[in-house]
Amino acid sequence: MTFQPGQPVRVKRDFPELRGPCHIRTPHYLRGLDGTIERPLGSFANPEDLAFARPAAKVPLYHVRFDQPSLFNEGAKGDTLLVEIFEHWLEAR
Amino acid sequence: MAAPPTGDSIALLERFVAALAARGIVSEEEIATQIERTDRASPEIGARMVARAWTDPAYRALLLRDGTAAAEQMGVSMAGAPPLGVLEDSATLHHLVVCTLCSCYPRMVLGYPPHWYKSAAYRARAVRDPRGVLAEWGTVLPDGVGVRVVDSTADYRWMVLPQRPAGTEGWDETRLASIVTRDHLVGVALPSAA
Chain A
1 MTFQPGQPVR VKRDFPELRG PCHIRTPHYL RGLDGTIERP LGSFANPEDL AFARPAAKVP
61 LYHVRFDQPS LFNEGAKGDT LLVEIFEHWL EAR
Chain B
1 MAAPPTGDSI ALLERFVAAL AARGIVSEEE IATQIERTDR ASPEIGARMV ARAWTDPAYR
61 ALLLRDGTAA AEQMGVSMAG APPLGVLEDS ATLHHLVVCT LCSCYPRMVL GYPPHWYKSA
121 AYRARAVRDP RGVLAEWGTV LPDGVGVRVV DSTADYRWMV LPQRPAGTEG WDETRLASIV
181 TRDHLVGVAL PSAA
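From first to last, the protein sequence lines are chains A and B. Just so you know, we're using UniProt numbering here: the first sequence kicks off at 1 and counts up by one. Just so you know, we're using UniProt numbering here: the second sequence kicks off at 1 and counts up by one.
Any given hint could turn out to be false.
What the hints assert, rightly or not - Straight-line alpha carbon distances no greater than 16 Å define the calculated EDC-like cross-link-like pairs of lysine to aspartate or glutamate that follow:
1) Lys77/A / Asp129/B
2) Lys77/A / Asp67/A
3) Lys77/A / Asp143/B
4) Lys12/A / Asp34/A
5) Lys58/A / Asp34/A
6) Lys118/B / Asp183/B
7) Lys12/A / Glu91/A
8) Lys58/A / Glu29/B
9) Lys58/A / Glu48/A
Derived from the structure by calculation, the hints contain no laboratory data.
Please construct the entire structure, taking both the sequences and the accompanying hints into account.
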């Protein structure tokens, strides 16, 4: 496990959709944005491989918290968003 | 809106199921068992779990630590189901569950998701304008309560543990469960004693 609760992270600004067929569980609206690790959720078979019936390694999954207004430039201060994100989509910041 | 299935699509489904069975991936019996299991599930299960958590601190702790174990303790078979996570509302925090990518939903304890949960409108707006969505449901949060939207994107399924409403002091589990609905367990509405 690479990330600890409370650690600041950034979602990779990557769009594999542009390179060919893929199955991604990281929503578009979070790509490239900053969040904070809430807690680790365990490890699960990588859905990006599972979807194509490829051998799928288990990848750590985290609950990542985001400041909700900053994602959309609207919303109420203090509101948050909690999203499950796989480790290979996260980088330390 | 999905159109009713036609003869062609039913025939396609039958060929698809037969191909899966021929490859040993899933049998018709397994599909039938899963349909029966989902048909049996309903929000009443989630409501009973919430009512028990409101009256039994040890069960509440289990529910928040391991929702799957808590569901099994209520007699729900969770074998093969995704892990269940439960998020607790507080005096300063309210949870709202959505799946922006598709329609992930804790079927084992809530049954089939309602139509609106799967709609593009709910999925798009819950993350962008959660307070607007809540207002349209007639849900008014007390001052000082933050909204936490939970976008269910991966392997967990999420349910909300709402706060026990005022005016329910001394109620037993059965009576408490009777005021908890599907909408409270998704977080678009708040339970009340009335």
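Checked hints:
| no. | hint | verdict |
| --- | --- | --- |
| 1 | Lys77/A / Asp129/B | holds, 12 Å |
| 2 | Lys77/A / Asp67/A | holds, 8 Å |
| 3 | Lys77/A / Asp143/B | holds, 13 Å |
| 4 | Lys12/A / Asp34/A | holds, 9 Å |
| 5 | Lys58/A / Asp34/A | violated, 24 Å |
| 6 | Lys118/B / Asp183/B | holds, 14 Å |
| 7 | Lys12/A / Glu91/A | holds, 7 Å |
| 8 | Lys58/A / Glu29/B | violated, 29 Å |
| 9 | Lys58/A / Glu48/A | holds, 11 Å |
In this structure, the earlier hints numbered 5 and 8 are contradicted, and the remaining ones agree with it.
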